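Undergrad: Please put together the full structure from these sequences, using the hints given.
As you go down the protein sequences, you meet chains X and D in turn.
Quick note, the first sequence lines up with residues 1 to 406 if you use my numbering.
Quick note, the second sequence lines up with residues 407 to 864 if you use my numbering.
Source of the hints: derived by calculation from the structure; they are not laboratory data.
Treat each hint with caution, since some may be false.
What the hints assert, rightly or not - No more than 25 angstroms apart at the CA atoms, straight line, and that leaves these computed lysine-lysine pairs for BS3-like:
| # | chain 1 | residue 1 | chain 2 | residue 2 |
| --- | --- | --- | --- | --- |
| 1 | X | K82 | X | K36 |
| 2 | X | K82 | D | K415 |
| 3 | X | K98 | D | K415 |
| 4 | X | K26 | D | K859 |
| 5 | D | K665 | X | K98 |
| 6 | X | K146 | D | K489 |
| 7 | X | K82 | D | K489 |
| 8 | D | K489 | X | K19 |
| 9 | D | K859 | X | K98 |
| 10 | X | K68 | D | K859 |
| 11 | D | K859 | X | K220 |
| 12 | D | K859 | X | K82 |
| 13 | D | K853 | X | K68 |
| 14 | D | K415 | X | K118 |
| 15 | D | K616 | X | K98 |
| 16 | D | K853 | X | K19 |
| 17 | D | K859 | X | K19 |
| 18 | X | K26 | D | K489 |
| 19 | X | K82 | D | K853 |
| 20 | D | K543 | D | K616 |
To be verified - Take a look, some chain X residues computed to stay more than 12 angstroms from chain D by CB distance:
| # | residue |
| --- | --- |
| 21 | I166 |
| 22 | L202 |
| 23 | L275 |
Keep in mind it's a predicted model, so treat the numbers as computed, not measured.
C-beta: ideal position from N, C-alpha, C; glycine also.
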Amino acid sequence: MAQNKEYAIETIGLSKAFKDWWGRTKVLAVDDLELKINYNEVYGLLGPNGSGKSTTIKMLLSLLRPTKGVSFVLGGRSDDPKISTRIGFLPEESYLYKYLSARETLKFYGDLFGLPSKVLNMRIDSLLDMVGLSSMANRPVGTFSKGMARRIGLAQALINDPDLLILDEPTSGLDPIGTRQIKDLIASLAKRGKTILMCSHLLSDVEDVCDRIGILYGGKMQTEGYVSDLLRRNDEQQITTSPLSESAISQIREIVEKEKASISIGSPMDSLENLFMRIVEKAQMQNQETSGAVSTTNIGNFLSDDNSQDVLDRLVSADIKPIQDDSFSSEVEKVEPLETPDNSLLNQLSSKSVSIEPVTEITEAPDKNDTQESSSENDKVDTDLLKNLMKGPDEPEGESKELDNG
Amino acid sequence: MANIWTIAKNTIAQIFRMKIALVVILLLAVLLPLLSVIVVGDGTLIGKLQTFSSYGMSLMSLLLCILTIAISCYTLNSDFQDKIVYTVLTKPLLRYQYLLGKFFGILTVNLILLSIFSVMIFAFTVYLPRFTKATDKEIQQADNEFFTSRISMTSHVDTEKIKTQAREKLQKLIESDAPILEGKSRSSVLNALIGSIAMKEKTVEPGAVKKWNFKNVFPKDSSKPLYIRFSFRTVSDTPDNSVYSRWIVGDLSDTDSGKLPDTPIYDSNLRKDVVDTVREIQVPADTIAKDGHLDIAMQNMYYNGVTVIAEKVELLYKSDSFAVNYFRGVALIFIRLIFLTALGVSLSTWLSFPVAIMVCLMVYATGSINGFILDSFSYLSHTAAMYYSLIVKPIIFILPKFDGKYNPTPMIVDGETITWFFLGSSFFFTAIVKSCLIFLYGMFVFKNREIAKITLHN
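TA: Laid out in C-alpha cells, this is it:
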C-alpha cells in the first residue's frame, strides 16, 4: 500500500483486536482508524480510558502489530527501524531503569542513537536544566517522585531532537508547574517545526496546546477537527474591557436590550493554574529551598538550535512539508516566536477550563490563527528565502528542518 | 555493534545491582578462603590440595551456573514487567541487537566473576603447600600427582570381541535349551552375558597374571616418569583389607618366546595395597618400546587367596603444566556458562521468569547427569526405534553435557590433561552449535512477538 508523504502520520484502516488464549477476538481496541496528522502540527488524541488511544500509539511505534490496516510515520512504514531515529516517545508512565541516575539514563538512551559523546553531554546538560533536574542529575531515578520521573521521561524522549514527538499522557503525575512547563515546551517545540501527537484525557491540557484534536471512543474516531473550530460558540459573543463605570454598564445594557439580545455582566476570574504559578514563582524569586524539581523556563538549545536563534526559529517554524504539492495546503499556521509568552492568550484558554462568571462584555474572541495572519505572511517570505539559501542542491524541501539539528 | 555494547553495559550495571549476584559474590569471597583453611582431606598434602580444589571448583561452577540461570531469565523479564522495553525498543535499536546486548552483558559478568574466583582458587591451591606442614615426600607426591597435567590412557577393551563371545554363549544356551532362558527375553540375557564377560576381563584369580596393552605412548619428555593408576576390589574380605601384588612393566610382547626386549623392564617387586583406594606406581619412561608400545602385567599373589577385580588401570604421563591445564578446566566451566546464558535469554523471550528459570534448572540438572540419561534412553532405542531417533535423539543432542569428561573438576583433582582438542570440540559443539541454535530460536520468537501484547482471559 503506497503511503502519502504529505502526512507526518497516516493510518489506513488501522484495526487492533485483542484476543484470548483460544484466539477469539475479545476486544476491538482500534477499529478501522483513518488518522492523518500533518507535519508541524500538534495533534491531540482524546478519549476516555480504554478508547484505543494508547493502542493506536503502540501500533505507530510497532510495539503492537495491527490486526488489519497499515500505518505510515514520517514518510515511511511505521515498522521501519530507520524511522525511529526521528521519533521521540514518552509512554504513559516513565518506564526507566531505576538504578541509573538521571544523567546515566539520558546517556543510555542517547547512546542508542549513536550520538557523539560531546554532543550527547551537551544535550544531557541542556535537557536536565530544561526539566529542572540539574541538581539531581546523579540521583538514581528509582528515588524520584512520579513527577520527577515524568520529567526525566520527557527528557529521554527529546534526546535525539526528534522530528515527531509522541506523548502518551504527558502531564500525568506532574504538579501544576510541571504541567505548565510541558505545555509551554510543546508549544515551543511546535514553533520549531516539530510534529507532536499527544494523547490525553486531561481536556484542558489538550485544549491549551493542540491545533487539531480527534476524539476516540470504542476504537473509532468520533469527531476530528481544529480546536478553535470545535470550541467556537457562534451563538454568543464576548467583549473584554478594562473596569467600566456603572453608567457605562447601564448604557451597554440598553444597547444590548435594543438588539433584543441577552446580556450577563461580571468580572472575569483568573484560573487556578495562573494563581498557583504566581505563588510558586514568587517563592522561587525569594530563593526558598526545595528538594523537588525546579521550575525553569529554559528550552534545550539543541532542540531549537542555537546561536542564530531568531533566524532559525523562523526557519523551522515555517510550514514544512516533505513534498511540495500544490493541492496540499496546511490550514495550520504556527504562532510566531515572541520575546515574552503571550499570557493573555494563555489566560483566555485557561479560563475556559474553569467555571467562571459571565464576562463583562461579549464579543468574538480573536482566533489564535487569525492573530498571526499578518506577521505570518511577512515571515513566510523570509522563510522561503532562508530555506532556499540553506538547503543543498539535492535536498528535498521537507528535510530543511534538519538544519536545525546542527 | 555500538548499540549491542550499550545494552550490554547497562545489563552489567543491572546485574551488579541484583541481590542474587551480590549473594553469590559474597558466598564465594567468604567460602573459598575459608575452605582453604578448614579442608584436611585424608590428612596428606595431596589430599588437602585435591579436596580444596575439588570443593572450590565445584562450588564456583555451581554458584556461577545458578547465578547465570537466574540473571539470564530475570533481566529480560524484568524489562518486560517494568515495560522498559517500550522506551528501549522504540529507539533505533533492532531487536536482535537488544538480545545480543543482554547475552554479552551476562557473559561479560560471567567472565569477570569466573576470572576473579578461578584466580583465587588457583592462588590458594598454589600457596597451600607453603602454609601446610608437609614432608618432602608429600611435597614430591603433590608435584607429581597434582601440580601436573598428565595424559591418561586406558587399556583398549575389545567390546566387539566381548559381544561375539556373549552371542556365542547365548547360542549355546539356546541350543541346549537351558532353563535360565525361561521367562526372559533374549536381549536381556545377552546383556547379562556381556556384563558377565566384561567383568571377567577385569578379574584376576589368586596366583594368576593379568596383562594390559597400551599403544601409541609417546610422552613429550622421556625423562619424566610414567604413572600407573589403579584400584583393587576383592570378591571377599582380606586380612588388613589389603592385597599383595607384583607389577611388571615394559615391552612384554616377545617374552612368551623367551626373548628379552631392547628396552628395560620395570619390576615393582612385592607390594601391599589397600583395597578400594586409588594408588599410583611410578615407572621410568624408558620402559616404553620404540614403537610406543607398553605392556603392564599384574600378578595377584596366590597367598591373597582371593579373586581381585582390577578397576580401570590407567597409564598417565606428563604433557603440560598445572596452570595451563587449570586454565582449560576453567574454560570448560565458561562453556557451560555460555550455554546457560543463551538458554536463559532465549527462553525469556517467550516464557515468564518462574517458568523460564524452572526449565533452565531442569536442563542444567539433566546436563549434570547426562551420562545417566543417555544410558537410560539407549535402552529405549531398542524398543522404540522411530520415536527414539525422531524425537528423543534431537532433544538429547541439544541437551548440554556437564558431567563425565565435560566436568573439569575431577580432571584437575587427578592432574589429568584436558586436551586442547577436547576443549575446542566442546567449545564448538556446546558454545557455538547448541548455544547458537537455542539463541537463534529466541531471536526468531522475539523478532515476531508483539512487545505490548495483551492476552485477555475470558
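Undergrad: Confirm or reject each hint.
TA: Hint by hint, here is what the structure shows:
Restraint check for K82 of chain X and K36 of chain X: satisfied, since their Cα atoms lie roughly 21 angstroms apart, inside the 25 angstroms limit. With a CA separation close to 23 angstroms, the supplied pair K82 of chain X and K415 of chain D stays within the 25 angstroms bound. With a C-alpha separation of about 15 angstroms, the suggested pairing of K98 of chain X with K415 of chain D holds against the 25 angstroms cut-off. With a CA separation close to 14 angstroms, the supplied pair K26 of chain X and K859 of chain D stays within the 25 angstroms bound.
Simply put, K665 of chain D and K98 of chain X have alpha-carbon atoms about 82 angstroms apart, too far for the 25 angstroms limit, and the pair is violated. The hinted pair formed by K146 of chain X and K489 of chain D meets the criterion: a straight-line CA distance of about 16 angstroms does not exceed 25 angstroms. Restraint check for K82 of chain X and K489 of chain D: satisfied, since their Cα atoms lie roughly 22 angstroms apart, inside the 25 angstroms limit. The straight-line distance between the Cα atoms of K489 of chain D and K19 of chain X is roughly 20 angstroms, inside the 25 angstroms bound, and the hint therefore holds.
For the proposed pair K859 of chain D and K98 of chain X, the alpha carbon gap of about 23 angstroms is at most 25 angstroms, so the pair holds. Restraint check: the Cα-Cα separation between K68 of chain X and K859 of chain D comes to about 15 angstroms, which is no more than 25 angstroms; the hinted pair holds. Taken as a hint, the K859 of chain D and K220 of chain X pair is honoured in the structure, with Cα atoms around 20 angstroms apart against an allowance of 25 angstroms. Under the criterion of a C-alpha separation no larger than 25 angstroms, the hint pairing K859 of chain D with K82 of chain X is consistent with the structure, at around 23 angstroms.
Using a Cα cut-off of 25 angstroms, the hinted pair K853 of chain D and K68 of chain X holds, with the two alpha carbons roughly 19 angstroms apart. A distance of roughly 19 angstroms separates the Cα atoms of K415 of chain D and K118 of chain X; the hinted pair therefore holds under the 25 angstroms criterion. Restraint check for K616 of chain D and K98 of chain X: not satisfied, since their Cα atoms lie roughly 70 angstroms apart, outside the 25 angstroms limit. Note on K853 of chain D and K19 of chain X: the hinted pairing holds, with a Cα-Cα distance of about 20 angstroms set against a maximum of 25 angstroms.
For the suggested pair K859 of chain D and K19 of chain X, the alpha carbons sit about 10 angstroms apart, so the restraint of at most 25 angstroms is met. The suggested pairing of K26 of chain X with K489 of chain D holds, with an alpha-carbon distance near 23 angstroms, which does not exceed 25 angstroms. The straight-line distance between the Cα atoms of K82 of chain X and K853 of chain D is roughly 16 angstroms, inside the 25 angstroms bound, and the hint therefore holds. About 30 angstroms separates the Cα atoms of K543 of chain D and K616 of chain D, which puts this hinted pair outside 25 angstroms; it is violated.
Some Cβ of chain D comes within 12 angstroms of the Cβ of I166 of chain X; the nearest lies about 8 angstroms off, and the non-interface call is violated. Listed as a non-interface residue, L202 of chain X keeps its Cβ farther than 12 angstroms from every Cβ of chain D; the least gap is roughly 21 angstroms. With 12 angstroms as the threshold on Cβ separation, the claim that L275 of chain X sits away from chain D holds: the shortest Cβ distance comes to roughly 35 angstroms.
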